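Asker: Next come the chains, spelled out residue by residue.
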Amino acid sequence: MKRRSFLRNGALASLSLPFVQNGLSMQAVAKKLFEVPKSAEDKVLVLIRMNGGNDGLNMVFPRDQYAEMLVQRANILVPETEILPLTLEVGLHPKMTGMQTLFNEGKLSVIQNVGYPEPNRSHFRSMDIWTTGALDINQTSGWLGRYFDSAYPNFPDDYPNVDYPDPFAISMGSEVSTTCQGLMGNFSHAVSDPFNSSNLLLTSVANDGTYYGGQIEYISTLINQTNEYGQQISSAASAGNSLSNLYDPQNPLAVQLKYVAQMISGGLQTKVYILNVNGFDTHDAQVDQNDFKEGVHANLLKRISDAVRAFQHDLQLLGLEQRVAGLTFSEFGRQIASNGSLGTDHGDAAPVLLFGACVSSGIVGANPQIPNQINNQAGLPMAIDFRDIYASILKDWFEVDQQVIQGLFEQNITYYDMLQGCTNGSSESAATQLHKPLVFPNPSLGQHQLKFTSINEFVEIYLIDQSGKILQKSFEGQLNAGQQLLTFEIQFLQTGLYHYLLKSASRQELVSFQKL
Amino acid sequence: MTPYSGPWTAAQAAHLLRRCTFGATYNDIQIAVQAGMSVTISNLLLANSTDEPLAYDPAEQIVAQGQTWVSAVYPQDVTANQQTEGARMKSLGAWIAKNLNQESLSLTEKMLFFWQNHFGVTTSGDARAMYHYLHLLRQNALGNVKQLVKDVSIDPCMLLFLNGSTNTVFSPNENYARELLELFTVGKGAQLAAGDYSTFTEQDVAAGAKIFTGYIVQGVRSSTQNQVTSQFMAPLHDNSSKVLSYHFNNQVVNAAGATEYANYIDIVFNQPDTATYICRKLYRYFVNCDITAWVEQHIITDMAQTFVANNFEITPVLVELFSSAHFYDISVRGAIIRSPLETLCAMLNTSSTTANFDLQTTYQIYLSMYGLADQMGQGYAAPPSVAGWTPYYQAPAFYRLWINSTYIKKRFDVANVLTSNSFNVNGNIFKIQVLNLLNGLSQPASAPQVIEDLCLVLFPKDIPASDKLAIKAILTGGLPDFEWTLQYNEYLADPSNPTFYTPVELRMQAVLNVMFKMPQFHVC
Chain A
0 MKRRSFLRNG ALASLSLPFV QNGLSMQAVA KKLFEVPKSA EDKVLVLIRM
50 NGGNDGLNMV FPRDQYAEML VQRANILVPE TEILPLTLEV GLHPKMTGMQ
100 TLFNEGKLSV IQNVGYPEPN RSHFRSMDIW TTGALDINQT SGWLGRYFDS
150 AYPNFPDDYP NVDYPDPFAI SMGSEVSTTC QGLMGNFSHA VSDPFNSSNL
200 LLTSVANDGT YYGGQIEYIS TLINQTNEYG QQISSAASAG NSLSNLYDPQ
250 NPLAVQLKYV AQMISGGLQT KVYILNVNGF DTHDAQVDQN DFKEGVHANL
300 LKRISDAVRA FQHDLQLLGL EQRVAGLTFS EFGRQIASNG SLGTDHGDAA
350 PVLLFGACVS SGIVGANPQI PNQINNQAGL PMAIDFRDIY ASILKDWFEV
400 DQQVIQGLFE QNITYYDMLQ GCTNGSSESA ATQLHKPLVF PNPSLGQHQL
450 KFTSINEFVE IYLIDQSGKI LQKSFEGQLN AGQQLLTFEI QFLQTGLYHY
500 LLKSASRQEL VSFQKL
Chain B
0 MTPYSGPWTA AQAAHLLRRC TFGATYNDIQ IAVQAGMSVT ISNLLLANST
50 DEPLAYDPAE QIVAQGQTWV SAVYPQDVTA NQQTEGARMK SLGAWIAKNL
100 NQESLSLTEK MLFFWQNHFG VTTSGDARAM YHYLHLLRQN ALGNVKQLVK
150 DVSIDPCMLL FLNGSTNTVF SPNENYAREL LELFTVGKGA QLAAGDYSTF
200 TEQDVAAGAK IFTGYIVQGV RSSTQNQVTS QFMAPLHDNS SKVLSYHFNN
250 QVVNAAGATE YANYIDIVFN QPDTATYICR KLYRYFVNCD ITAWVEQHII
300 TDMAQTFVAN NFEITPVLVE LFSSAHFYDI SVRGAIIRSP LETLCAMLNT
350 SSTTANFDLQ TTYQIYLSMY GLADQMGQGY AAPPSVAGWT PYYQAPAFYR
400 LWINSTYIKK RFDVANVLTS NSFNVNGNIF KIQVLNLLNG LSQPASAPQV
450 IEDLCLVLFP KDIPASDKLA IKAILTGGLP DFEWTLQYNE YLADPSNPTF
500 YTPVELRMQA VLNVMFKMPQ FHVC
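Taken in sequence, the protein lines are chains A and B.
Under numbering that gives the first Met the number 0, think of the first position of the first sequence as 0, with each following residue one higher.
Under numbering that gives the first Met the number 0, think of the first position of the second sequence as 0, with each following residue one higher.
No wet-lab data here; the hints were simulated from the structure.
These figures come from a predicted structure and were not determined experimentally.
By construction, the Cβ of each residue, glycine as well, lies at the ideal position given by its N, Cα and C atoms.
The hints are all genuine.
Capping the alpha-carbon separation at 27 Å, the derived lysine-lysine pairs in BS3-like fashion look like this: (1) B:K430 x A:K514; (2) B:K409 x B:K430; (3) B:K460 x B:K408; (4) B:K149 x B:K280; (5) A:K502 x A:K468; (6) B:K409 x A:K514.
Coverage of chain B stretches by chain A, computed from C-beta distances (three or more under 8 Å per stretch; other residues unrestricted): (7) 327-336; (8) 502-516.
Chain A with its partners taken away, still in its complex shape (with noise of 0.2 Å):
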């Protein structure tokens, strides 16, 4: 008995009802939505989480407002003259020769001002609306989680299997990764060494010779023989190769993506890798005292930029540069203003980096204003949703169903040319704007809410089943003109495809979704 089910009917096994689900036209229906195009299911992403909230102002510089800088921040500002110009406006932290280089080569993209509407300068709070990918407190999944759920139904119940024998992501460490989390389990597994198949533990204790090491050592043997997936990675990582002298074996990260190398050139099919570096938390010496463009910002960034290019470097020679991207991201950025302990507090917006031989442009986005006078404790305003850049990598890199990634999210989405580098004049224009109605979350399991624009009018929303017969009649009222937030239980309806029908004087239009 599956646990999915189980936990569902809350029943004893044996007395739950046998669930008999109308195959053919199920996958017909599901196939065209939730199908991942052979072209994209050797895609890999990887994402490097900056934790601490990374001051972009001193990553990303506007080159254009140095004089503005300078009355914000003198005391921790890198000299002029220092600053990798990338183009007239945007100049890079000259510890990142390495993304320096990887631009000059349009392997680098900038997307500028990135951030969400009424940020949250709490980390904790913050990190959560950045691996969830939604403003929603009560979203718990997260935005990779909530794809492969609809991609993968039925985890982790029926995985691994022939198909897919390899975790979906890899989450570098000891902890699996919140944008992985799905609705029943969590997408990433957690792999320190992928060279040591038993990893599963986040220490080994030595058997002392009591009864208590004699137990904590056999149960530690089976947790490590039930490691599915430990097996697949060691030997993905010894088959693997990795052939660029760039890695620095001082720099954890670059260790680490050495690692991702080493198992993508091996065979092995995960789709996400996550890697975590600490300390951007700069409150005090971010910057050394006597020099600016050094200190602890600057050598984590410089770690960043020089693992990245090793990376990108050896994905060039091994053959393996179109098939992956990867994405940085940070809770927040610092405030305009430094402080006074050479240091900057928690802000808001700040630039995130894109990398990859397919990613679309250089610079997206314009520079921040840094303005003279500035309100105490301003950060940059937010001018790209972070969630628009989500939406726009599963579009260009999953090849994602417009409307299952609408299900993903909670904003309608603004799609930006983010990684069609490798593709051929197929690029749609930019911010394509979606009106069609919207179910989310999608797949959903208790509620979800329905998102529609109407006009002043009486509206009538049928529940209808893959079969066409009508359900039940979820809505009918007269609506004023703008936009519409309906909630809906769905609590009673058994695992499938079903549809909302929205039927008034003006349009007549479908809507689907998937039951979990």
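Assemble the complex: chain A is given as a structure, and chain B must be docked to it using the hints.
Answerer: Relative to the frame of chain A, chain B by itself:
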């Protein structure tokens, strides 16, 4: 037995509570430290009170929802009768899990399960009979064992389970008579000769069968009788004199009708093997599976002596054991692998997490709890055999039989479900109340102290400092400790605001998820 006279700190108090309950909170441990060892042991002897199981499932066709069914008739119609039994068994399963989850700090539930394992009774086809049987065990869980064995011998559930109800002078059935000796009292020793098991022989089995003849069971799923009852039918009883084997000094049990079996059980309890056998089982349940020669000589012998000296009252034996130097010896700390129910309850009870929803939802959740433990190898009302669960007796692996590659995965599945928001019943999310847990610790705002306290509550022994740092990094999300302090204090200032409590809750969920998957959590 040498009494314990060492220091009484949180380590000893936590050890006592881990072994005697299904899960104690940080606060419980602190109270036990304050109260001292003997007061804590006395408190553990206070009974855990429970209500009766309630009808909640729509298939129940006699009793209204929210009413107890334990003394209600069944429908006459066959289908309706079966459906009602299904509903009542679900209610009973849920109620069992609820009692474990909502226990007071008492030995009752732990001892109740000891007896459920000891007699190995599987449900008899009438939920009322099973309820009343469990009630009998509960009433006597900390009482007189000789009386308990007498009562169990003629309990309808046992009569149905081991064929006592069809054991008559015309066709004797040896099933109960055999298990009484082999599993419930003197235990089976080495085979000395054909049919001679050191402690009893086939002659005693045959004699016992005759002694127990005459009891029948009435009212199973009856539409007129509101109880299942056992009744002595004199014409069915064997009135011959029964001669026991040389192990019992060839004693004769004379015909004595309805009370003859009680005379026989008195004889069985006079055998020194009975006290020794039961005390060994207690030792394996509460201390360690390895009964060395030293343990046999210094612990088991003393326990048995106390047991006999107190006319088979169990409480003095337990008090002596829990007050002994051996019980607190570091060599037995963490020696036991937690059973599935102990594992599940340790996840919930250490944070006082209970299901408090409407009747139907609450019972459905507890039924799921029951089912999850069942999937991990411990279905409370259905032991794998009359000998109980193998981890309590099967040498040499013992407790290790609780864990294999399937069961460890189930344990991790359960950890995942309870530390997330995915356990959804009727739109209600059941999950560990991590904020409750956190707020009950000594210094919730201090990340290192939070980890320190959680280790005390969840693990039997201290773990390496490097492990604590790794767990702490999960709590702080890799940030400096002060950021956790700030976040916690923000939450404390506005505790009902989801913007502040949700991040704290998510970090705690991640911490527990990792700790529940550490091997140290699975031993106690």
